[in-house]
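Visitor: So you can see what is in the structure, the chains are spelled out below.
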Amino acid sequence: MVKYESGAGRLLEIAAEKSALLIWAGIFSICSAIFLQVPYLAVYFILAELLRNMAQPEMADKIVMLHWGMIAMLSLIGGIIAMYLGGLCSHIAAFHILYKLRLRLTEHIGRLSLGYLTQTSIGIVRKTLEQNVEKIEKFIAHQLPDIISVMGAMLVMLAAMFYLHPWLTVVCLIPLFLCLALQLGMMLNQQAKQRVRAYYDALEQINASTVQYIRGMAAVKVFGQTVHSFRQLYHDIIRYRDLSVRYSDQFQNGFSMFKVVLGSILTFVLPGGIYLLSRDPGNIDLVLVLLFFLIMAPGLAVPIYKLMHFAGAFRDITEGVARIDSILQEKPLPQVEISSLPQSFDVEFDEVTFSYNGYGAEGSLPVLNNVSFKALPGRITALVGPSGSGKSTAANLIPRFWDVDRGAVKIGGIDIRNIQSKDLMNTVSFVFQDTFLFYDTLYANIAAGRPSATREEVYAAARAAQCHGFIERLPQGYDTVIGEGGTYLSGGEEQRVAVARAILKNAPILVLDEATAFADAENEYKLQLALKALMCDKTVIVIAHRLASIKEADNILVFQRGTIVEEGTHLELIEGNGLYTAMWTAYTNTDAWKLGTVAGKGNR
Amino acid sequence: MKLYNITIGEPKKIFKPALYGVLSNIINVLPFALAIEAVRLIFSSFAQPGITLDLARLWLVCGSMVLTIFVMFGGEVLAYRAAYRGAYLLAATGRVKLAEHLRKLPLGAIISRDSGGLSNMMMGDFALIEHSLSHLVPQLIGALVLPLLAFLLLLFLDWRMAVTMFAALPVVILLTMLTAKLQLRLGGGHMKAKISAINRLQEYLNGIRVIKAHNLTGERFIKLEEAFRNLMTASIKFESLVVPAVMAAIVCIRAGLPLMVFIGVHLLLGGELSIVAFVTFLLIGTRIFDPLTTVLINFAELSYNEQAGRRIVELYTEPIMRGLEVPPNKYDITLEQVTFQYGDSFVLANVSLQIPEGSLTAFVGPSGGGKSTVFKLIARFYDPQQGRVLLGGKDIKTIEPELLLEKISVVFQDVYLFQDTIGNNIRMGRQSATQQEVEEAAQRACCHTFIMQLPQGYNTPVGEGGCTLSGGEKQRISIARAILKDAPVVLLDEATAALDPENEQDIQKAINELIHGRTVIVIAHKLKTVSTADQIVVLADGQVVEQGQHRELLAGKGLYSQLWDLQQTMQGWRISS
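Protein chains in written order, with my numbering: chain A, 639 to 1242; chain B, 399 to 975.
Bear in mind the hints are in silico, worked out from the structure with no lab data behind them.
Think of the CB as a built atom: it goes at the ideal place given N, C-alpha and C, for glycine as much as any other residue.
Heads up, some of the hints might be wrong.
[Said to hold, decoys possible] Here are the simulated distance ranges between beta carbons:
1. A:819 x B:568: 43 to 53 Å
2. A:876 x B:413: 23 to 33 Å
3. A:1114 x B:593: 21 to 31 Å
4. B:964 x A:1114: 27 to 37 Å
5. B:932 x A:1205: 38 to 48 Å
6. B:691 x A:812: 25 to 35 Å
Using the sequences plus the hints, can you model the full thing?
Guide: Structure (structure tokens):
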């Protein structure tokens, strides 16, 4: 497992990816901060000139004063330009880093076992990629250059002050240290840390329930639930609000005190200066020094302010980064260095035991227990059984969406864990029950099966899958965009597009979830034709729900509670008079169903 | 920029935080004002050789400064509470209001928006509003009042210098308006790039199985990569174009100080301005522009956030479904020349139908023929563009939408279960139901047995961290809901029965329980299932092409009899090599 540093170290590590740009950003920012101090200095020099000539104002040197006015103007413009350039460098760096980070996260998620992504974790992952990643932008684009520049400017200023009058400088530093102490106190407070965590958890919760609320809108409407009885969302909104209020109350006194002390630097400097003056009234040099401090000292508050904002945001950012890293630390399915390519395409389960443990379900029994079977090329192997018997799980192990706990899944005698993921995926095609089409053109959706395919090959696949006809009838044909305000297809049409994708892919092994439950009569017929085209000469594994459809399969495996209890052809199994026979009888009864009656059993 | 938008329609709520913001800003300037007084005292003592430093008054000034610390603390605490609490309360109320409003919108209005945008509104946009109200607005108002006050006071000291101080302000205002426009234009593009990235990400996460199966993970899923890249470019463009305008405005504001030097020196040497007055102006000039810079930066951020507020306010104003009357006690349903279209394409064209109370009516026909649209119009998920839907002779548009839905049970293919216990999910049907009634409904829907086998029975949580149910089990729970609801009209999708073929018999039983003695409207796929219906309506291309009972339709030799023959010959399809 990759281990990441936490906190500041980790943030700098992320920032270091664009270090050249960020160094430039830092240089520009420091220049800008120093330039922007110059106008204050100019005022000081002008006041000094005036003070020296207080008795005879007309003697004051006009040229010197105008000169300082000019310098103030130019350094103002220079300072702002440098600020812009610095900001530009840091933003470009930040957005590049964000882009890379997002890609890395999605890439990583793609290598994880399928169990990682569930309905709630999708919400959390989405939030991490959306909001937490953006916090890094704040750090890199704003806070990092800011901190560098204000610290630089503060050091220059303190050096000048110390040079002029060490004692008064010390007086200036008192409120600053007070503020730092206050800040540190707030930061290290254990209770505060807990509240931050609680606040984040509430935020995650409210995110998840918002997604649920919007997705479940149809159900909410149908049952006419008021928003208040829609307990979860309302409850979460209120909980989030209360936690936010508590979170802000936590810092109320500390933060207010901090602001007051920081705004009162002059309250420390002036008495100090007056005390010095009282012992030596009429010392014009001392008055000038005091004047310098009075003009410059309030500027010391700015860096501290920024530090404070930074510290507040830092908590927020490190928490966000920790959440990003928790995704990156999820262990991907291990990949072999050198891929073994199967030469034949029989699929074998060798004493496979598997449970979804570790991904939620606690202490549950294995979903598959010591399952062994072999599916041969050119043959149809059907998996049947009651729901929850493990037949779908078995099919999902073939493309290695999960790794087995014990035993092995083999293709052509090679353990699939020794085949690199891309080679394995090229060997196996799937047609799932829940079809998923991309928000893209129909053409692209089919071509996803084999991106290198020519246009003709794509059309051929569509024809074989019986979807060429309806696609051609759409106003934009193959260029029709599916979903999100585009065209919506019926369930049966979507399935045929998915089949076309699989036909185009033309992999030697086909795993097929008997995917016709949604189809209507016309679609069903066409889908049959499509599947026929897909299956020839392949190792076909069918997860069957309706027994009639697999009556002619070469081998039927009957699953019950994670084991294979019967195996054979339809006729053999019927003769065996076991579970399969019972299922077959039930099936033939349901097939004769008419609304309002239960065929075979009469009216209830 | 509108205050109305940024306060999501409650501009009065900003009054208190703004007032306290102004108050604390004025208090906070006290130490600086006292320091200026001290400098004036010191400068005066150098005006003529004879005068000595007035130490007594200077110490008095110092003493007053120490006192200000306590006043400042009081002001800060008040401002802090007003700002944060106000913002969080307003956002929470707004979120609840939005959720409530979403519920009352026609379903069509929600489906036409993408769910990524809606969730972003609920969370992200409100977060921006919170930040605006707790930080930006109070700071902005406070920072505006301060220079204004200073200007008015300084006018009395020397009006020429006071005017010089803010001479560049008109340019600043012009620049700010320009920036706001630029921001509006670029901000839209930026938001679009952002939403597109969110949607692609959602697609990637939802479709991960297919994406993995086709070797399209991570960077190879080009559209996601493109969306991320577009977001990056849009963000950079936004920053690099909007910021210069803000920067220029900052230069203009701060140029007041050098300008005062130029004019002040001139006036001073002409004998028209006293040194003490000049010194006062210059000292104020070192600090007066900071709050104005804050104003600018906050303003830029605010006008970006205002768009978030506008999106919310716009959604608030989207018309909800009206209708106040109580539903009648008769449950026959009539469609009168109903026309409905999505966008440009007609889904139903001039459909008229009679569905008698207590009858079983089946809709059949090719997919896309309009079957499910009829359902959605009867349940009033949409209103038809032309024609009327009548329940018991009453136009359903005049009936209160929630009361209407109390009379209708809907069993669709996609069952949505809430993250709650199984018992509460069934209780969705009727909140007031007792545990016994819930269990009775579950029994009749054939789900009592499997529920009792779950570790915590009816208290077992559904979904994440709880039990996972098969499609058929979910379906039976939705039927139990409907049975519990006990509505006189039932809309049913027959394909639901096929969701869990292993347990099909149980679902069939459950459906029979549900439809007994009610006005039932069914979307049918297997014609055999509905061959006993009182009325079969064949829909194709948005029109009723045939209508009647099974025998009549078969005799008609039309579309129905074709479909029937097709299904009869297929007898369930077979997989064979």
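Visitor: All hints are to be evaluated individually against the structure, with a verdict given for each.
Guide: Status of the hints after comparison with the structure:
1. A:819 x B:568: 43 to 53 Å: holds, 45 Å
2. A:876 x B:413: 23 to 33 Å: About 24 Å separates the Cβ atoms of residue 876 of chain A and residue 413 of chain B, which means 23 to 33 Å holds.
3. A:1114 x B:593: 21 to 31 Å: Taking Cβ atoms as reference, residue 1114 of chain A and residue 593 of chain B lie about 23 Å apart, which means the hint holds.
4. B:964 x A:1114: 27 to 37 Å: holds, 29 Å
5. B:932 x A:1205: 38 to 48 Å: Taking Cβ atoms as reference, residue 932 of chain B and residue 1205 of chain A lie about 47 Å apart, which means the hint holds.
6. B:691 x A:812: 25 to 35 Å: holds, 27 Å
When each numbered hint is compared with the structure, no violation occurs for any of them.
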